[in-house]
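J.: Which chain is which? The protein sequence lines are A and B, in order. So the first sequence is numbered by our numbering: it starts at 1 and just counts up by one. So the second sequence is numbered by our numbering: it starts at 1 and just counts up by one.
It cannot be assumed that every hint is accurate.
[What the hints assert, rightly or not] Covered stretches of chain A (chain B as the covering partner; in silico rule of three or more C-beta atoms under 8 Å from a C-beta of chain B):
no., region
1, 67 to 76
2, 316 to 322
[Unchecked claim] As a list, the in silico DSS-like pairs of lysine-lysine whose alpha-carbon atoms are at most 30 Å apart:
no., chain 1, residue 1, chain 2, residue 2
3, A, 470, A, 289
4, B, 45, A, 349
5, B, 45, A, 305
6, A, 22, A, 54
7, A, 349, A, 289
8, A, 114, A, 91
9, A, 349, A, 305
10, A, 470, A, 19
11, A, 118, A, 305
12, A, 251, A, 289
13, A, 61, B, 45
14, A, 394, B, 60
15, A, 19, A, 118
16, A, 335, B, 45
17, A, 335, A, 251
Just so you know, the hints here were simulated from the structure itself, not pulled from any lab data. These numbers were taken from a predicted model, which means no experiment stands behind them. The beta carbon of each residue, even a glycine, is placed where N, CA and C say it ideally should be.
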Amino acid sequence: MSSISDDIFFASIAEINQKLTKSEFSAVELARAFCDRLETIGPRYNALALSLRKGALRDAKEVDGDIKRERLRGHLQGIPFGAKDLLAYAKHPTTWGAQPYAGQVFDYTASVLKRIQKRGGLLTGKLAMVELAGGPSYRYASASLTGPGLNPWDSTRWSGGSSSGSAIAVAAGLVTYALGSETSGSILTPSAFCGVTGLRPTYGLVPRHGAMALSWTLDKIGPICRSAEDCGLVLEAIAGAEFEDPSSARKSFYYTPQFARDLKDVRVGFAPVDFNEAVDPAARADYAKALETIRSLGVNVVEAKLPEFPYGAVIGTIISAEGSAVFEEMIQSGKVDQLADQHQIAGLKAGLEISANDYLKAMRIRALIQEAFRDLLSTTDVLIAPTRFDPAPKITQPLDRRAVDRPAPATPGLAALIPAGNLAGLPALSIPCGFANGMPMGLQLVGSPFSENMLLAIGKTFQDRTDWHKRRPPLATP
Amino acid sequence: MNRFTRRELAVTLSASAVLLGSLEGQTPAPAPPVNPQVSPDDELKAARAQLRDNADQLDKVPLSMAAEPATTFRP
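Generate coordinates for the entire structure from the input sequences, incorporating the hints supplied.
T.: This is the structure:
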């Protein structure tokens with residue numbers, strides 16, 4: 001009889017690793033239990049792209065042998081995880097969530113997966129995603145080969161994207177953690193909508209080799225976990241120099257919460273309008289408490305505003321130009337018409353017509369944005385704002401139209417922090433901080449390049465004092 | 001062109017079968033709402049208009065000759 005209790009599906013990496021090394025259960029038992037759950041519950045939420053049970057059980061057997069011989073390989077050893085289906089896994093289908101690539105098989109494995117497997121991590125499944133990671137843009141949640149990502153908190157609502165399956169799987173306890181990717185919001189948004197913790201690393205910190213490209217100059221791979229601490233442990237495993245990735249910053253990351261800066265020396269910037277007027281009224285009380293909790297950490301909280309730039313136009317131009325260049329062959333061949341979302345099809349076709357002048361103009365403005373953020377973050381260490389201002393929309397809601405009719409706030413606050421932070425290559429952490437009518441809401445923390453340890457320290461201390469990250473969606477409870 | 005051994009091909013095909021199996025178990029995706037008034041041509045026109053609007057917004061940002069493209073992405 002299995003000694004895997006339901007709590008294990010929602011336990012932290014450190015907790016599970018400790019139980020494995022104490023032989024409370026074997027890695028094989030653990031992998032089998034997680035595979036059962038992923039294969040049973042995953043499809044209910046359209047979260048599963050491909051079960052990798054056979055390989056996970058084979059690797060788990062090896063882990064059991066290693067633990068028996070006291071060959072310990074760190075926190076991730078024996079921990080089941082999932083990966084967004086944009087990461088190549090040798091000799092297995094990698095669909096990028098898109099019909100034109102449904103039969104695609106690579107003969108190599110993405111660097112990040114190899115790094116985790118080297119540490120004994122158990123890859124139990126490839127997880128669903130929005131087709132082509134969203135391309136230039138998409139109108140409906142159904143823009144995916146596997147259908148719309150359904151939110152475990154309310155399956156009539158969207159999970160967020162494009163790392164939809166990754167966030168669903170973590171929220172529903174189908175994996176202990178997952179890898180996602182972000183070009184502009186694809187880790188932070190589903191993390192906020194599903195009530196989990198997501199980390200977007202600094203551009204270049206995590207190797208992209210073996211990942212689908214949407215925008216060579218914007219794509220990042222990062223962890224989606226239940227806690228900031230787990231994000232730190234996963235980031236440590238996947239970060240670092242990679243010669244096969246031309247954008248590698250050639251920096252390592254060591255998760256060192258014990259050496260985090262004294263929070264009394266940290267200045268946190270926010271815009272009151274974000275919390276008073278812009279965010280969903282049903283969540284304002286929880287956001288007010290979240291701000292109080294942030295203040296109680298001892299940090300200096302100050303008002304901040306974003307430098308003025310047309311962030312949406314800049315990032316839209318760059319993603320469209322680079323994305324259409326990446327997929328030019330598919331577009332020209334006509335296979336683009338096999339995609340599920342008409343809006344994305346049109347956007348990819350139109351993107352081929354962007355002039356070199358417009359692309360370069362966007363990249364020149366991007367340089368100014370990076371400079372402006374260097375100035376801003378020289379006086380304010382961390383910016384905070386609601387990750388998304390509204391909870392997850394209904395799955396039939398057009399995503400290019402605002403679902404709410406409340407008046408726009410008087411000032412923009414930090415509303416453009418997601419595109420701005422991505423353009424500047426900045427790291428960000430989204431942590432659960434409350435609910436709006438039963439749906440999770442997130443708080444994003446953005447810092448200077450390579451300040452992940454500081455963001456994680458604030459996130460961990462916040463989570464030591466709150467329990468939002470420990471809440472479980474009712475549908476996922478067996 | 002990738003070359004596979006027969007054994008690797010078998011693994012790939014069985015994995016595809018798993019994929020198809022898992023897709024069969026998925027919650028059926030509601031068909032994307034279709035507005036009959038919006039044809040693919042209209043979608044393309046709208047996408048082009050969006051890109052033009054983006055370009056117009058970029059034009060409003062003053063750029064000196066010293067503002068070089070962000071070609072170094074190591075922050």
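J.: Which of the listed hints are not met by the structure?
T.: Structure breaks hints 1, 5, 7, 9, 11, 12, 13, 14, 17.
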